[in-house]
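Number of protein chains: 4
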Amino acid sequence: MTNAIVLGGSRGIGKAISDALKSIEINVFAASKNDIDTSSMKSIKKFLENQNQTDILILNTGGPVPKQFLDITEEDWKLYHNQLFLGFCTILQNLKINDGGYIFLISSNVIKEPNPKLIISSAYRAAFSEVFKILSKDYAQKNISCINIAPGPINTDRTKELIKNIKKYEKDLPMKRLGDPEEIGNFVKAIIQNKIKYLSGVTINFDGANSNFIF
Amino acid sequence: MTNAIVLGGSRGIGKAISDALKSIEINVFAASKNDIDTSSMKSIKKFLENQNQTDILILNTGGPVPKQFLDITEEDWKLYHNQLFLGFCTILQNLKINDGGYIFLISSNVIKEPNPKLIISSAYRAAFSEVFKILSKDYAQKNISCINIAPGPINTDRTKELIKNIKKYEKDLPMKRLGDPEEIGNFVKAIIQNKIKYLSGVTINFDGANSNFIF
Amino acid sequence: MTNAIVLGGSRGIGKAISDALKSIEINVFAASKNDIDTSSMKSIKKFLENQNQTDILILNTGGPVPKQFLDITEEDWKLYHNQLFLGFCTILQNLKINDGGYIFLISSNVIKEPNPKLIISSAYRAAFSEVFKILSKDYAQKNISCINIAPGPINTDRTKELIKNIKKYEKDLPMKRLGDPEEIGNFVKAIIQNKIKYLSGVTINFDGANSNFIF
Amino acid sequence: MTNAIVLGGSRGIGKAISDALKSIEINVFAASKNDIDTSSMKSIKKFLENQNQTDILILNTGGPVPKQFLDITEEDWKLYHNQLFLGFCTILQNLKINDGGYIFLISSNVIKEPNPKLIISSAYRAAFSEVFKILSKDYAQKNISCINIAPGPINTDRTKELIKNIKKYEKDLPMKRLGDPEEIGNFVKAIIQNKIKYLSGVTINFDGANSNFIF
Numbered sequence: 010m011t012n013a014i015v016l017g018g019s020r021g022i023g024k025a026i027s028d029a030l031k032s033i034e035i036n037v038f039a040a041s042k043n044d045i046d047t048s049s050m051k052s053i054k055k056f057l058e059n060q061n062q063t064d065i066l067i068l069n070t071g072g073p074v075p076k077q078f079l080d081i082t083e084e085d086w087k088l089y090h091n092q093l094f095l096g097f098c099t100i101l102q103n104l105k106i107n108d109g110g111y112i113f114l115i116s117s118n119v120i121k122e123p124n125p126k127l128i129i130s131s132a133y134r135a136a137f138s139e140v141f142k143i144l145s146k147d148y149a150q151k152n153i154s155c156i157n158i159a160p161g162p163i164n165t166d167r168t169k170e171l172i173k174n175i176k177k178y179e180k181d182l183p184m185k186r187l188g189d190p191e192e193i194g195n196f197v198k199a200i201i202q203n204k205i206k207y208l209s210g211v212t213i214n215f216d217g218a219n220s221n222f223i224f
Numbered sequence: 010m011t012n013a014i015v016l017g018g019s020r021g022i023g024k025a026i027s028d029a030l031k032s033i034e035i036n037v038f039a040a041s042k043n044d045i046d047t048s049s050m051k052s053i054k055k056f057l058e059n060q061n062q063t064d065i066l067i068l069n070t071g072g073p074v075p076k077q078f079l080d081i082t083e084e085d086w087k088l089y090h091n092q093l094f095l096g097f098c099t100i101l102q103n104l105k106i107n108d109g110g111y112i113f114l115i116s117s118n119v120i121k122e123p124n125p126k127l128i129i130s131s132a133y134r135a136a137f138s139e140v141f142k143i144l145s146k147d148y149a150q151k152n153i154s155c156i157n158i159a160p161g162p163i164n165t166d167r168t169k170e171l172i173k174n175i176k177k178y179e180k181d182l183p184m185k186r187l188g189d190p191e192e193i194g195n196f197v198k199a200i201i202q203n204k205i206k207y208l209s210g211v212t213i214n215f216d217g218a219n220s221n222f223i224f
Numbered sequence: 010m011t012n013a014i015v016l017g018g019s020r021g022i023g024k025a026i027s028d029a030l031k032s033i034e035i036n037v038f039a040a041s042k043n044d045i046d047t048s049s050m051k052s053i054k055k056f057l058e059n060q061n062q063t064d065i066l067i068l069n070t071g072g073p074v075p076k077q078f079l080d081i082t083e084e085d086w087k088l089y090h091n092q093l094f095l096g097f098c099t100i101l102q103n104l105k106i107n108d109g110g111y112i113f114l115i116s117s118n119v120i121k122e123p124n125p126k127l128i129i130s131s132a133y134r135a136a137f138s139e140v141f142k143i144l145s146k147d148y149a150q151k152n153i154s155c156i157n158i159a160p161g162p163i164n165t166d167r168t169k170e171l172i173k174n175i176k177k178y179e180k181d182l183p184m185k186r187l188g189d190p191e192e193i194g195n196f197v198k199a200i201i202q203n204k205i206k207y208l209s210g211v212t213i214n215f216d217g218a219n220s221n222f223i224f
Numbered sequence: 010m011t012n013a014i015v016l017g018g019s020r021g022i023g024k025a026i027s028d029a030l031k032s033i034e035i036n037v038f039a040a041s042k043n044d045i046d047t048s049s050m051k052s053i054k055k056f057l058e059n060q061n062q063t064d065i066l067i068l069n070t071g072g073p074v075p076k077q078f079l080d081i082t083e084e085d086w087k088l089y090h091n092q093l094f095l096g097f098c099t100i101l102q103n104l105k106i107n108d109g110g111y112i113f114l115i116s117s118n119v120i121k122e123p124n125p126k127l128i129i130s131s132a133y134r135a136a137f138s139e140v141f142k143i144l145s146k147d148y149a150q151k152n153i154s155c156i157n158i159a160p161g162p163i164n165t166d167r168t169k170e171l172i173k174n175i176k177k178y179e180k181d182l183p184m185k186r187l188g189d190p191e192e193i194g195n196f197v198k199a200i201i202q203n204k205i206k207y208l209s210g211v212t213i214n215f216d217g218a219n220s221n222f223i224f
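Protein chains in written order, with our numbering: chain E, 10 to 224; chain B, 10 to 224; chain F, 10 to 224; chain U, 10 to 224.
If you are wondering where the hints come from, they were derived from the structure by calculation, not from laboratory data.
Watch out, some of these pointers could steer you wrong.
Copies of the same chain look alike in the list, so a pair counts if it works inside one copy or between any two.
[To be verified] Calculated pairs, PhoX-like style, for lysine-lysine (alpha carbon to alpha carbon, straight line, at most 25 Å):
#: 1; residue 1: K146; residue 2: K55
#: 2; residue 1: K180; residue 2: K146
#: 3; residue 1: K169; residue 2: K126
#: 4; residue 1: K176; residue 2: K87
#: 5; residue 1: K24; residue 2: K54
#: 6; residue 1: K55; residue 2: K176
#: 7; residue 1: K31; residue 2: K146
#: 8; residue 1: K185; residue 2: K51
#: 9; residue 1: K76; residue 2: K87
#: 10; residue 1: K151; residue 2: K51
#: 11; residue 1: K126; residue 2: K105
#: 12; residue 1: K24; residue 2: K151
#: 13; residue 1: K204; residue 2: K76
#: 14; residue 1: K151; residue 2: K180
#: 15; residue 1: K204; residue 2: K42
#: 16; residue 1: K76; residue 2: K151
#: 17; residue 1: K55; residue 2: K180
#: 18; residue 1: K87; residue 2: K151
#: 19; residue 1: K185; residue 2: K204
#: 20; residue 1: K126; residue 2: K204
#: 21; residue 1: K87; residue 2: K54
#: 22; residue 1: K51; residue 2: K176
#: 23; residue 1: K55; residue 2: K169
#: 24; residue 1: K54; residue 2: K176
Computed from a predicted model, the values in this text were never measured in an experiment.
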């Protein structure tokens, strides 16, 4: 049976991916913050004691509270360095992905269009995207596909925290709506279900035609 | 019933997309060069007399014979300007895409990593990618998704023409193989089948982890 | 003596570059539209009869009148295909750049962030940027540096035509002002004057911190 | 009098920038590792006790020893997180750049084309590039220009450590040579000397036409 670990799998995009994978008979471990706190190296190491391999891994975690640059403390940087970067590196150093598997990174559109309110997230998610890109070439040799999904405004609790007037915000979006987490869930599911392997080493903006840069 | 027009639909990636869409009961017009010669404005206009709307459009066409820059003639530029750029613009100006539809552009990885042997293709495919990006925002208002797939080395007749020793070439690829046209066919099918709409205005490298740039 | 040809050298950014190069004793041919009309292949060929080599070449030309996609005619496309793409290709195919020389392309920030009002410009300037990138590697072997400058909002007649209320527009810019053509003129001058050669094959956004994409 | 602080100013690219700025009568503090060790938060804070403002700041530091991903320890990540990211953030949070000033970041071409041997550098230099991009918009309001120079292979001790057979390596470069540190030094000098301010929020590859991606 195919096994999947979905980090941040109890809510938002992570939950949508978990649900979509369950629908095609994949054995999903939808890890909640109780199972693994990606901001704590201790928690990550404990998680890795019990998990040493999987077929599918979804690297997904929430972002920090918005803060202006001058207000960010050394503790903030270090906490989110763990959560958005070092934790994921440690997982990839210690968790075996079985041959023919998949790793999806759920990053954010801020990696390509950095956001002043989300400066911590822009920085560390970009950093990990660099690592993920490099590793995609090694994983390719084992037929493991690495796909970086960079969501734009998706209808999650997180987005509702960040944006006050959602209705007004939606009017300015090209599609006049936030994306549905299920669209990302189904996208991940569809790639796995159709055994699409050659899509790898790529960052896919998932933002309803909202970005402005060409590539 | 859902209708699709697949340009260059009789071979290679176009055929794979046609076949995949047919498998989910879409009414596919797999246009061959006899139906529409995208290098001829006359042929394009004639085609548009008989086709004035569709739900799904696949913009796909072959590339030029490799030529060094100094050997490219004014006639070459103009021919491929028609084939790779002006024809597609004319089609989008005259063919109605029904609300909720999809447009897929099959471009090439040379748009992001231009290739000296494929200079004409690099230039005009990039030019049309700019147009396509701009239009994605208008189409978004009608819930039409625009997806630019930029394939790397795929196992088609075209690739076999361009690369002499395929076996040797494959050894240097991260996945040790060319991509299958069916992987792209199934990718397109899966997006449509799963009604994924928020993926739009995006260029997706489809190259088996072969590219080196970060985004 | 060092010679330079500056296309579109009689006004705007072209004039500023001409003036800056003259100030360091370079023999500048500031070509006006009377000398060469880059929208006319006939005019370009005539120009090339009289010019067969230079040390420094500035590829620079005005852009088209803004037009919505559906209003662009086949004649529009072809005219600006000449002006923004084919003319420059023809020049590079026929004009010898002396060893150790420089080629500057003055493109536009729309190549990276395409603009719906400037769709023709976005497309063809991007197309030529691809050609220029490819050629930079060949030119490098003769110690010729190729630099693509992509200006943002610069204080030229062109910008005043495109933007109605300049004062209001400037308030939304990060630097609260348009760029000065002289800043680009001096930039080009400084690179040549300081014999900086290793800067090549690069696109340099020149936009007063106005762009939003990371690279 | 104009003051400049050049981090890593005693060797390589930093020294070349220091020397170039001194040649135009700028009062340069070429900080060596004895003055500030950017891998030590303690050293950085001590440095900031004595330095609280400058007109020109050059953010420049060496990179880590090459290591394969699986060999990188938590201590390695944290050390270089300080050196390549957190130290620079702390400096920008505490050091006032005077109105009309300049900040140059000397990053690396690995931020756009990540390198498996330089995975730590690729990650954290990209992360800081995101922060620097965001801040460029704030600094613009005080007429402070932020320029990210991403050098390719430059003739420094560092490059000689990384590449065994330099002569052979140079033959494969488009310009058949490494770049000179002085070219970067003179580039920085020329921008300041010519009061070019509108060049800001930009990443400039400085690599002798060596990169392959279009933008």
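To see whether the hints hold, each was checked on the structure:
In this homomeric assembly, K146 and K55 never come within 25 Å of each other (Cα to Cα): the closest approach is 28 Å inside a single copy and 42 Å across copies. Taking the closest pair of Cα atoms, K180 and K146 come within 25 Å of each other only across two copies (13 Å); inside a single copy the shortest separation is 40 Å, beyond that limit. When the C-alpha separation of K169 and K126 is checked against a cutoff of 25 Å, the pair qualifies only within one copy, where the shortest distance is 15 Å, while the shortest distance between copies is 33 Å. Taking CA atoms no more than 25 Å apart as the test, K176 paired with K87 passes in neither setting, with 35 Å inside one copy and 42 Å between copies.
Taking identical chains as interchangeable, the C-alpha atoms of K24 and K54 lie at most 25 Å apart only when both belong to the same chain, with a minimum of 23 Å there against 43 Å between chains. For the identical chains of this complex, K55 and K176 are neighbours neither inside a copy (42 Å) nor across copies (45 Å), given an alpha-carbon limit of 25 Å. In this homomeric assembly, K31 and K146 never come within 25 Å of each other (Cα to Cα): the closest approach is 28 Å inside a single copy and 34 Å across copies. Neither within a single protomer nor between protomers do K185 and K51 lie at most 25 Å apart by alpha-carbon distance, with minima of 42 Å and 38 Å respectively.
For the identical chains of this complex, K76 and K87 are neighbours both inside a copy (14 Å) and across copies (22 Å), given an alpha-carbon limit of 25 Å. For a Cα distance limit of 25 Å, the shortest separation of K151 from K51 qualifies neither inside one copy, at 29 Å, nor across copies, at 43 Å. With identical chains, the CA atoms of K126 and K105 are at most 25 Å apart between copies only, with a shortest distance of 21 Å across copies and 35 Å within one. With identical chains, the CA atoms of K24 and K151 are never at most 25 Å apart, being 28 Å at best within one copy and 29 Å at best between copies.
Taking the closest pair of Cα atoms, K204 and K76 never come within 25 Å of each other, the shortest separation being 41 Å inside a single copy and 33 Å across copies. Taking the shortest alpha-carbon separations for K151 and K180, only the inter-copy value of 14 Å comes in at or below 25 Å, while the best intra-copy value is 45 Å. Taking the shortest Cα distances, K204 and K42 never come within 25 Å of each other, neither inside one copy (30 Å) nor across copies (31 Å). In the homo-oligomer, the alpha carbons of K76 and K151 lie at most 25 Å apart only across protomers (21 Å), although the nearest pairing inside one protomer, at 41 Å, exceeds that limit.
Taking the shortest Cα distances, K55 and K180 never come within 25 Å of each other, neither inside one copy (45 Å) nor across copies (39 Å). Taking the shortest alpha-carbon separations for K87 and K151, neither the intra-copy value of 33 Å nor the inter-copy value of 30 Å comes in at or below 25 Å. Proximity of K185 and K204 under a CA criterion of 25 Å is satisfied inter-copy only: 17 Å between copies versus 33 Å inside one chain copy. Neither within a single protomer nor between protomers do K126 and K204 lie at most 25 Å apart by alpha-carbon distance, with minima of 38 Å and 31 Å respectively.
In this assembly of identical chains, the alpha carbons of K87 and K54 lie at most 25 Å apart whether taken from the same copy (17 Å) or from different copies (17 Å). With identical chains, the CA atoms of K51 and K176 are never at most 25 Å apart, being 41 Å at best within one copy and 47 Å at best between copies. In this assembly of identical chains, K55 and K169 lie within 25 Å of each other by CA distance neither inside one copy nor across copies; the values are 32 Å within and 42 Å between. Taking CA atoms no more than 25 Å apart as the test, K54 paired with K176 passes in neither setting, with 42 Å inside one copy and 43 Å between copies.
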